[in-house]
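Protein chains in written order, with our numbering: chain A, 1 to 330; chain B, 1 to 291.
No lab work stands behind these hints, which were simulated from the structure alone.
Among these hints, one or two may not hold up.
What the hints assert, rightly or not - EDC-like mimics (lysine to aspartate or glutamate), calculated; alpha carbons at most 16 Å apart, straight line:
1) A:Lys-129 x B:Glu-166
2) B:Lys-229 x B:Glu-248
3) B:Lys-133 x B:Glu-216
4) B:Lys-229 x B:Asp-113
5) B:Lys-77 x B:Asp-113
6) B:Lys-241 x B:Asp-85
7) B:Lys-241 x A:Glu-164
8) B:Lys-101 x B:Glu-166
9) A:Lys-206 x B:Glu-186
10) B:Lys-101 x B:Asp-113
11) B:Lys-110 x B:Glu-248
12) B:Lys-65 x A:Glu-170
The model shown is predicted, which means the values in this text are computed figures rather than measured ones.
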Amino acid sequence: MPTADCRFQIGNRQLAIGNSMNRGLNRFAILVACATFFLIIAGALVTSNDAGLATSDWPLSNGQFLPPMVGNLFWEHGHRMVATTVGILTIALAVYIRVKEKREWVWKLALFALIAVIAQGLLGALTVKLLLPLAVSAAHATLAQLFFCTTVSLAVFTSRSWIEARPVSEVEGVLPLRYLCTAALLTIFVQLILGATLRHSAGWDKQLPVELIVAHIIGAVAVTLALGSAALATLRRHKGVTFLTRPAVIALSLLVVQLVLGVTAYLTRLRSPNDPQPLNPMISITVAHVACGALVFVTTIVLTLRTYRVSKELKVTRWKSSQSIYAHQQ
Amino acid sequence: MNKQTRVWLVLSIALSLLALGNACSKETTNKNGGTTETAAGPYSGPTGAIAGVISFSGTPPAPRKIDTSADPVCGQKSPNLMTDDTVVTDGKLANVFVYIKDGTAEGGKKVGDYTWAVPTSAVVLDQNGCHYKPHVLGIQVNQKLSVTNSDQTTHNIHPTPALNKEWNQTQAVGAAPIEQTFTRPETLIPVKCNQHPWMKAYIGVMKHPFYAVSAENGTFEIKNVPAGKYTVVAWKEGGAKGTEKTMEVTVPANGSGKADFTFEGGAATTSISPSLQMMPALELPSMAGKH
């Protein structure tokens with residue numbers, strides 16, 4: 001049901017703000033984003049349980065569509081089932097957007113999500129067929145985060161708050177907030193790649209390479225500085241603008257949780273080579289660290305998109321004002 | 001397609017190509033020198049043996065209970081499965097792989113320069129009770145390894161060598177034995193089952209037949225060794241690459257060279273430099289009068 005009116009229509013160019021909100025589409029996009037988050041947790045469980053090669057088949061498991069879900073096959077085949085569901089949901093979302101969404105670029109983003117989920121499935125196949133080479137496994141884990149980022153972005157773009165966003169004024173003479181947020185986002189993305197590489201560089205029964213651990217710790221410091229700066233600047237400059245402060249507060253809170261999880265994950269991982277098999281708390285804490293990292297990433301994406309959104313509003317408003325002035329002069 | 005979408009698309013494609021390229025260029029360099037050296041033919045001179053006992057000093061680590069509940073078949077067949085990385089009985093250590101690493105036979109040639117016949121019989125690795133039996137085994141290059149499944153559940157066999165080709169094969173209930181060979185010498189190749197991650201075995205792949213695995217009473221014997229002087233290594237699992245101890249042993253013709261090794265408790269996590277591992281009780285039997 002349309003809930004927002006078209007406020008700006010400039011020539012033949014249809015602006016994002018000139019679109020109306022479709023509540024059903026937004027809810028479905030949120031569902032897909034939540035399913036993707038669940039998929040990331042399922043994937044992390046595969047890695048922590050060392051279940052990636054529990055079967056040498058792909059896409060079937062041991063030649064079966066529904067094999068006995070015992071041992072590590074539970075995690076590996078379970079991951080495949082969740083992935084298949086997310087793939088189907090992504091197709092449905094793309095179709096839904098094609099039918100209901102007027103903004104062409106949203107459709108293109110949905111198309112990208114579809115391509116990404118297919119590529120992700122193929123990377124998953126490569127990890128099995130090539131016996132978990134580090135580069136493929138790390139790429140699989142990284143693309144998972146990018147795909148999650150895409151589905152969350154689609155949920156953001158179809159939301160009421162996005163469509164009804166009002167422009168906000170930036171403080172002059174300081175680095176624009178959107179640049180701070182973009183820097184934080186890129187730093188987190190690099191950290192995610194480092195984390196994925198670290199995680200897949202050694203199994204639970206081997207120690208992790210020291211150089212990658214050091215790189216990941218340095219990355220954590222960089223993320224803390226970058227995201228901390230962006231979030232605090234948001235809170236300081238836009239006090240009361242919940243459209244911006246809410247994701248900033250959530251991102252900061254998640255960052256604190258993530259740092260604690262990172263330290264505990266490292267400590268439990270140090271001990272795991274002495275264990276007879278992958279055990280808790282190593283499994284649950286490392287999975288939580290992956291999941292929380294994904295949440296930090298997507299919350300920062302929401303914050304970044306929203307800062308661009310209100311900045312864009314500001315530009316449009318100024319342009320509109322100049323048009324009005326021009327019309328008056330005519 | 002907007003700029004942001006294009007950037008993401010290019011990035012993901014680049015990552016995928018990078019990953020694929022790296023995976024396809026996996027190195028398989030033979031660090032043991034490969035098989036290019038000229039063979040000296042079969043050895044036909046006098047032979048002896050190497051025998052010894054593997055001891056364990058100090059308090060051995062207590063075996064840890066394995067949780068087999070993830071697979072009901074394993075839980076029923078092996079409800080009290082324990083780790084067997086350090087099996088000590090009366091101070092004697094089992095599952096130690098002892099082999100000739102290097103050395104010169106009486107003819108003046110290196111033991112690795114001779115051609116050693118590959119046994120026609122296969123070495124069997126059985127999966128029984130969600131447990132590999134034996135836990136440590138030796139095999140010659142190009143000798144058949146036959147992997148059997150005695151369990152009513154599916155296993156997958158996954159050796160993770162550094163020099164040989166890695167493979168991962170599923171073996172269903174009642175399936176025919178999986179037969180594979182290793183084409184390069186390598187000590188030792190870890191074998192795991194990704195279906196049941198507690199299952200571990202180690203395979204020593206040798207160019208020659210001079211290796212043995214210590215029994216439960218710690219004893220071992222390597223027979224038909226060409227008379228000569230050798231560097232003998234005892235390898236015990238633990239840590240990233242296991243622990244090695246090295247000893248120089250002289251094998252007399254028709255006699256036996258003694259090679260007793262002692263592993264210490266708590267030393268299983270780091271590899272010890274061979275120069276620090278010479279046993280003080282080293283015994284080099286005289287070769288005089290034994291030809």
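- Query: Which earlier hints can't be squared with this structure?
  - Reply: Hints 5, 7, 8, 9, 12 contradicted; others consistent.
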